[in-house]
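Asks: Okay, here's what each chain looks like letter by letter:
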Amino acid sequence: MSDPSGSNGGYRVIGSRPVRPDGVDKVTGRAQFGADFHLPGLLTGRIKRSPHAHARIVRIDTAAAERLAGVKAIVTAADFDLEAAGEIEAGESASAIRDVAANCLARAKALYQGHAVAAVAATSPEIAAEAIDLIAVTYEVLPHVIDVDEAMAPGAPVLHDDMFTRGVSPRPGTASNVAQRHVMSRGDAAGMLAAADIVVEGRYTTAAVHQGYIEPHACVASWGADGQSLIWSSSQGQFLVRAMTARILNIPLSDLKVIPAEIGGGFGGKTTVYLEPVALALSRKCGRPVKIVMSREEVFLASGPTSGSSIDIRLAARRDGTITAAEMTLRYQAGAFPGSPVHLGCMTAFACYDVEHLSLIGYDVVSNRPKVAAYRAPGAPMAAFAVESAIDDLARQLSMDPIDLRIRNAVRDGAKTVYGASVRSCALVETLEAIKSHPHYSAPLNPGQARGVAAGFWFNIGGESSAAVHIDEDGGATVVSSNPDIGGSRAAMAMMAAETLGLPIERVRCTVADTASIGFSGSTGGSRVTFATGMAVTEAAQKVVADLRRRAAQIWECDVADVAWRDGVATCLDPAKTVKPLSIAALAARSAKTGGPIAAEVALNAQGAAAGYGVHVCDVEVDPETGRTSIVRYTAAQDVGRAIHPAYVEGQLQGGAAQGVGWALNEEYVYSPEGLLQNAGFLDYRMPVASDLPMIDTVLVETKPNPRHPYGAKGVGEVSIVPPLGAVSNALSQIVGRRMTALPLSPVRVLAALGKI
Amino acid sequence: MVRVLTISADVRELAGGRDVFEVEAETVAGLISRLEAQFPGLGHLIEEKMALAIDGEIFQDAPGERLRPECEVVLIPRIAGG
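These protein sequence lines map, in sequence, to chains Z and C.
Each residue of the first sequence is one higher than the one before, counting from 1 in this note's numbering.
Each residue of the second sequence is one higher than the one before, counting from 758 in this note's numbering.
Careful, some of the hints might be misleading.
What the hints assert, rightly or not - Here are the simulated lysine to any residue pairs, SDA-like style, with alpha carbons at most 25 Å apart:
#1 Lys806/C x Arg451/Z
#2 Lys416/Z x Asp188/Z
#3 Lys416/Z x Glu822/C
#4 Lys416/Z x Pro797/C
#5 Lys806/C x Ile361/Z
#6 Lys806/C x Ile88/Z
#7 Lys806/C x Gly608/Z
Calculated directly from the structure, the hints in this document are not laboratory data.
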């Protein structure tokens, strides 16, 4: 579906596949990640964590630890600004700073196993570990609740005495674990369901799953004697780290510089802070730099997975396959503090389909689990699992091809979503047709195999971004980006600058700046960077081109309107002038005589991020003895606007599909009756590895470039995790002969469905 | 008159249960200030926590955006991502 002429839409650089600029550093180990920084006098920080799922903290006795030689500082929540208030935008939704602080170091209660209660800084890892053991915490163990439905039940242990369900009128008189009730509706869903030709329904559950980034959270913090502090850390946003840390410690933003390290994966999970305020508080106390690195076990115990969920759905349709109405109730785990993405689940559930009558109710529910964090298309995969399963049931009842059924109901430009936006620049139908016409869809299946399809949606966002473009003295260019490079944004930024300037991509380098070296930017997330920061880069490059034309006109003593810019060269259009064209290099060499350094910086708030749509098809087979499901073949198609670097876009589709397959088949948090996590490591928390998956084929649908972006880009990072849950389950349900409604589709569940255990 | 709708329970709470409003405004900033005047706290809520779908297109933090007479504005939760 990419331009079959191979002309790249007339672009020289956009749509090509240059070598990854950060690739060599990353494969040779030269790249500096959060744990790689070292400073003179560096101390090791360690976190004391709760062994209980739910407990009141009666006393924290640090006296013995303080006496241990080599211990330089100990902090608890009392070292934070206990009055810190307000909210900050991060990840899937705004977070209350008070909750972020209490998640970094617990206040009155430990709300989940692994909840941080104190921290030490010491001269060696061994001393730090010994000091952690010497900190004596007296707990009053409380009843706990893990499951979302149990947390909503009357009589469930209540986590927060001051939490009364919002969105309910009148305001409840008693506290509960339901933080908020969201309602979205239009039309008369109940009436249409009552009168429908066909109704399909079901209850679906999904497990909490972790983002599974390879690099654990890590940072180095250094408090200066003059109050000027530094943090090096891996995150999805250096400005976010600065804002959260500064507010928790009550220091001005100007006194804290955050330097972004390379990041070994985030997927939404690094859009908050866990360690940075703790490390800086320790450093403030002892005057020495402090490094804290989470172990893998700590990552699982204390950093955000995404929500597990339970969802009820009823779907009404006419016999011709037109979906007329739907009702859904979505219950999402928020973890220990409010803020699950259930509202996004409600908003995205039917975003692929033009359904007139809808009623969606969402519940944001706390329980004794780590606070959830954003994860690729937060909230959407769980809702899509229920919707795509119900649509698959409908297709079977009607004996309709599942793609044809989806095309019949697919949104098209101008359709109105339940949350109020209109559909525009939408290529969902083309994406469905791309899968239908793909050789995979018509390939014969072997005995014992089955094929499933599913669709998915994500909004994509724009937001605040800053970028600068500097022309080097030799005519090359440096792009200064404000966003950590997680998915290849350095290449995309450099490509957009190269295209605009007319330079070969090899002459443009992109660097990611610290908080003191570039204007503010939102985080790397929401599939926003290529769109929003790319827009800032392009506009900065356009300013540079305008300046280069002005300089050429100055040299030629002609009107700037008579200077053309093409392929990095200024040409004089004034027939009265007999002058040779001037390249960027030639103009850069004379910059001192034409106005000084050539550079531009742009800060903007990008609007108009077009949504993305994906359709996946997968073939599976099951080992009837073990219940293990194998993915035999997988193809992902996506409406991508225009792919700036197609190989990176394909990588996003493949990565999202792989994570979604893990979500569908194996990943889950397993708790003991005491509320303790039983599988806090990659050995027992089973993510798919390369040998578990076939090559994931991709189709980039580029029929609807985003008109609000200079090169037509849409966000591409999130849609791809939405369809796999439904696609895998729809295939597997055929093999076992019944609808599979609970994820993960682990061997035990498959064997049970086959009646073998 | 701009027609303002919402799917947000938070808006309904501040607006006495209402979820449809008629507002005279030429820009997003004007719309927010008029809603704030009518329902104290609502303007602040919109500025801090809401996005606006203006005739179907989503805008966040766009106070200068001009509003067409008779246009439709839907107040929706802000959208982020992972």
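Asks: Confirm or reject each hint.
Replies: Hint by hint, here is what the structure shows:
A threshold of 25 Å between alpha carbons decides the hint, and for Lys806/C with Arg451/Z the separation of about 42 Å lies outside it, so the pair is violated. Note on Lys416/Z and Asp188/Z: the hinted pairing holds, with a Cα-Cα distance of about 16 Å set against a maximum of 25 Å. A threshold of 25 Å between alpha carbons decides the hint, and for Lys416/Z with Glu822/C the separation of about 21 Å falls inside it, so the pair holds. Straight-line distance between C-alpha atoms of Lys416/Z and Pro797/C comes to about 30 Å, which puts the hinted pair past the 25 Å bound.
Taken as a hint, the Lys806/C and Ile361/Z pair is honoured in the structure, with Cα atoms around 19 Å apart against an allowance of 25 Å. A threshold of 25 Å between alpha carbons decides the hint, and for Lys806/C with Ile88/Z the separation of about 10 Å falls inside it, so the pair holds. The suggested pairing of Lys806/C with Gly608/Z holds, with an alpha-carbon distance near 18 Å, which does not exceed 25 Å.
Checked against the numbered hints listed earlier, the structure breaks hints 1 and 4; every other hint is satisfied.
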